[in-house]
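Q: Each protein sequence line maps, in turn, to chains A and B.
In terms of the working numbering, the first sequence opens at residue 1 and continues consecutively.
In terms of the working numbering, the second sequence opens at residue 425 and continues consecutively.
Take these hints with a grain of salt, some might be off.
Calculated cross-link-like contacts (lysine-lysine; reagent style DSSO-like; alpha-carbon spacing at most 30 Å) [what the hints assert, rightly or not]:
1) A:K424 - B:K836
2) B:K837 - A:K117
3) B:K513 - A:K424
4) A:K424 - A:K413
5) B:K836 - A:K413
6) A:K424 - B:K633
7) A:K412 - A:K41
FYI, nobody ran anything at the bench for these hints, they're computed from the structure.
Keep in mind it's a predicted model, so treat the numbers as computed, not measured.
Number of protein chains: 2
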Amino acid sequence: MKAYCGHIIYTPTSLAFEILPKGYVVVNDRGIIQGVYASDKYPYGNEIEVVDLGNQLLIPAMNDLHVHAPQFANMGIAMDVPLLLWLNKYTFPEEAKFADIEYARTIYTQFVDELVKQGTMRAAVFATIHTPATLLLADLFHQKGIGAHIGLVAMDRNSPDNLCNSVDEAIEGTNELLAHTKNYPLVNAIITPRFVPSCSPQMLRALSKQAKDRHLSIQSHLCETTNEINWVMELEPEALSYADVYHRYGLLTHDTLMAHCVYPSDIDMGLLQQTGTTIVHCPTSNCNLASGIAPIRRLLEAGIPVTLGSDVAAGHDLSMFQVMQSAIQMSKLNSAIHKRQVSALSLSEVFYMATKLGGSFFGKVGSFEVGYEFDALVIDNDSPMHDSIYNSDTLYTRLERFVYHGNVYQIKKRYCQGKEILIK
Amino acid sequence: MKAYCGHIIYTPTSLAFEILPKGYVVVNDRGIIQGVYASDKYPYGNEIEVVDLGNQLLIPAMNDLHVHAPQFANMGIAMDVPLLLWLNKYTFPEEAKFADIEYARTIYTQFVDELVKQGTMRAAVFATIHTPATLLLADLFHQKGIGAHIGLVAMDRNSPDNLCNSVDEAIEGTNELLAHTKNYPLVNAIITPRFVPSCSPQMLRALSKQAKDRHLSIQSHLCETTNEINWVMELEPEALSYADVYHRYGLLTHDTLMAHCVYPSDIDMGLLQQTGTTIVHCPTSNCNLASGIAPIRRLLEAGIPVTLGSDVAAGHDLSMFQVMQSAIQMSKLNSAIHKRQVSALSLSEVFYMATKLGGSFFGKVGSFEVGYEFDALVIDNDSPMHDSIYNSDTLYTRLERFVYHGNVYQIKKRYCQGKEILIK
Numbered sequence: 001m002k003a004y005c006g007h008i009i010y011t012p013t014s015l016a017f018e019i020l021p022k023g024y025v026v027v028n029d030r031g032i033i034q035g036v037y038a039s040d041k042y043p044y045g046n047e048i049e050v051v052d053l054g055n056q057l058l059i060p061a062m063n064d065l066h067v068h069a070p071q072f073a074n075m076g077i078a079m080d081v082p083l084l085l086w087l088n089k090y091t092f093p094e095e096a097k098f099a100d101i102e103y104a105r106t107i108y109t110q111f112v113d114e115l116v117k118q119g120t121m122r123a124a125v126f127a128t129i130h131t132p133a134t135l136l137l138a139d140l141f142h143q144k145g146i147g148a149h150i151g152l153v154a155m156d157r158n159s160p161d162n163l164c165n166s167v168d169e170a171i172e173g174t175n176e177l178l179a180h181t182k183n184y185p186l187v188n189a190i191i192t193p194r195f196v197p198s199c200s201p202q203m204l205r206a207l208s209k210q211a212k213d214r215h216l217s218i219q220s221h222l223c224e225t226t227n228e229i230n231w232v233m234e235l236e237p238e239a240l241s242y243a244d245v246y247h248r249y250g251l252l253t254h255d256t257l258m259a260h261c262v263y264p265s266d267i268d269m270g271l272l273q274q275t276g277t278t279i280v281h282c283p284t285s286n287c288n289l290a291s292g293i294a295p296i297r298r299l300l301e302a303g304i305p306v307t308l309g310s311d312v313a314a315g316h317d318l319s320m321f322q323v324m325q326s327a328i329q330m331s332k333l334n335s336a337i338h339k340r341q342v343s344a345l346s347l348s349e350v351f352y353m354a355t356k357l358g359g360s361f362f363g364k365v366g367s368f369e370v371g372y373e374f375d376a377l378v379i380d381n382d383s384p385m386h387d388s389i390y391n392s393d394t395l396y397t398r399l400e401r402f403v404y405h406g407n408v409y410q411i412k413k414r415y416c417q418g419k420e421i422l423i424k
Numbered sequence: 425m426k427a428y429c430g431h432i433i434y435t436p437t438s439l440a441f442e443i444l445p446k447g448y449v450v451v452n453d454r455g456i457i458q459g460v461y462a463s464d465k466y467p468y469g470n471e472i473e474v475v476d477l478g479n480q481l482l483i484p485a486m487n488d489l490h491v492h493a494p495q496f497a498n499m500g501i502a503m504d505v506p507l508l509l510w511l512n513k514y515t516f517p518e519e520a521k522f523a524d525i526e527y528a529r530t531i532y533t534q535f536v537d538e539l540v541k542q543g544t545m546r547a548a549v550f551a552t553i554h555t556p557a558t559l560l561l562a563d564l565f566h567q568k569g570i571g572a573h574i575g576l577v578a579m580d581r582n583s584p585d586n587l588c589n590s591v592d593e594a595i596e597g598t599n600e601l602l603a604h605t606k607n608y609p610l611v612n613a614i615i616t617p618r619f620v621p622s623c624s625p626q627m628l629r630a631l632s633k634q635a636k637d638r639h640l641s642i643q644s645h646l647c648e649t650t651n652e653i654n655w656v657m658e659l660e661p662e663a664l665s666y667a668d669v670y671h672r673y674g675l676l677t678h679d680t681l682m683a684h685c686v687y688p689s690d691i692d693m694g695l696l697q698q699t700g701t702t703i704v705h706c707p708t709s710n711c712n713l714a715s716g717i718a719p720i721r722r723l724l725e726a727g728i729p730v731t732l733g734s735d736v737a738a739g740h741d742l743s744m745f746q747v748m749q750s751a752i753q754m755s756k757l758n759s760a761i762h763k764r765q766v767s768a769l770s771l772s773e774v775f776y777m778a779t780k781l782g783g784s785f786f787g788k789v790g791s792f793e794v795g796y797e798f799d800a801l802v803i804d805n806d807s808p809m810h811d812s813i814y815n816s817d818t819l820y821t822r823l824e825r826f827v828y829h830g831n832v833y834q835i836k837k838r839y840c841q842g843k844e845i846l847i848k
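Construct the complete structure from the given sequences, taking the supplied hints into account.
A: Below, the structure is given as structure tokens:
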């Protein structure tokens, strides 16, 4: 057992922050939280070690629920080119390089290092169609000691030849990944049809069966742009909507993550609600690709869970703090566009999305409550102006300041399941 | 004379970057550029010193054309509160503190240091109504060796009592500032009515006369929100539009900067065109305050000059690179909203706004052309992936990557008018 004493900030619900100035989080040797205490309620004496974090903030670590690891080398570039050129000149050729295991090692190592540096301890990741590189990515997460759902990408139509796999290859690849990660406690496989246009009905059917048989989560893309939706409806004329295509194959479940959802129809909304599917909001990506503003308040009001993703390399940065910031800003623009009839997202709402809700895909992760795994960040952004004054107001202010213009150098420690994860 | 040899990138026009791999900029002892040469066209030999910047980028320094120095302590906080509460609980009480010269010294020193750190070498700044603190701010810019137009803010109505000055006080304060900065080559006064709601007709008239008599630039706010516009039209019922209020008092000129312009009417557009007024686009601020998306493409197509501002503390960061990024992103959302009928801003367009166009308010500043002052940044963001390959494509990519997720630690040197400016 060990106690961490610092300015504790977390979101048990999306409505408000719980803030404990110089509070204590007690963690057992398996990395599970045993108790959380306000400063004057700490029940232990000298019998357990106390790690005193001084005047630093202690917050849950970040979870990134949508990110393309093989696009890491393209992060922050080719932002001015139109979508088709972006895919064909930058994205697909880059992904094709992951047939080369040494190239994969170079980029995936940098990717995992950068995730950790930015404070992200768990991620739902798209890899590529290449099994060896995908197994390697799992190794790298495991060696680093952070968590991931890793998806061997399935795509068998409307894609470059060198980026297509067959149904058998896709199923077999994920089976290999499952076998390979059997003894990796924090790393798992996730069923990953790229999106409807690149997956045949046979592929979707086989993936759905594999998800059921092996009890796996599922991730894909949904309603990112209007052109894409029109294309899906041409490809699948019998479907009632984009989401309905996934639904017909049993791919919308409580364990499904669908990225984007910028333009959901009422039918899509109903299916998401009914199936308990989670939407991964990727605001920086939606800006950079000029997709549009996702109707997050409408999704939340319909009871659809919404979490956050960096969507690198359409998103330009792995920092989930930047993603939070962007989510709030886009919701404010949406509010302005709708003449204040739609309320903007609050800081506690987006923080909850990136911590407790995102974390729920990895077990009891993302909050400081009894029974949760201790995934945490220690933040040092004290400023001379706030010297020695700490109460809920000033600590909230420090967190907000960090979200809006903090940097990785202010993240002093990172923990995943109770273990400190070091950066390079 | 001295020559700087590095990967030179700048925007002589908004249409495209000029990129010179391992090119040369030759600067005389007064900090003025004497020549710019491609690698194989350099005409000098050993007779002048060459500063070899290796594989680093050399770009023009940033210019911030709208920023509130006294709000620096509020940067990145209180982003969730509604506008009126934001003004009354955070902004106005903070500005009132600048009656205390020691408080002003603390915050203004940090502000100027942070501007330099972020690579901004010239700024158009709102101070407060307080003359001593405003003179001090001018001293700090001068001592640091960077440029500024500094505005003693004029406000005599609809504002807290402790933040109002009389017409005489406002005029006299600017006269003092002019006398005080007479021997500061890079620092000047700028006429600064806060905005129409806080300035009486007498105030606007007197400020306009002072601007004419003393040949000064003018800065204020225009059409930031619809509520503000309605308020202005109630206060000034005879005016044809918001801009027309300024115009009637002769405050729209070739040397006028108007921040925001999110909701210009056709009449506003016509007056801006006719007078040659420059708009300062503040995209991060327009997001954070839920003001809306400014119609920048429409302004540009009407021939209205548009530059960029951080608008701290409504903007959450002094980095003009973040402001550029946000300007592009908002223009892409605007494009999506208008079904691609409005084109998004390109990287060269926003770079030009923050360098050559913004710089034009401070003399020949913001470009690497003969006769321009050498305001420059040296950027080291080489990555192992791009090792030793440099051509226009890879250098463009490096610049783009820096704009989207560079950081201040990658800015290795900063120059203003030929002199290196050190950070703390």
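Q: Any hints from earlier that this structure breaks? Give me their numbers in increasing order, please.
A: 3 and 6
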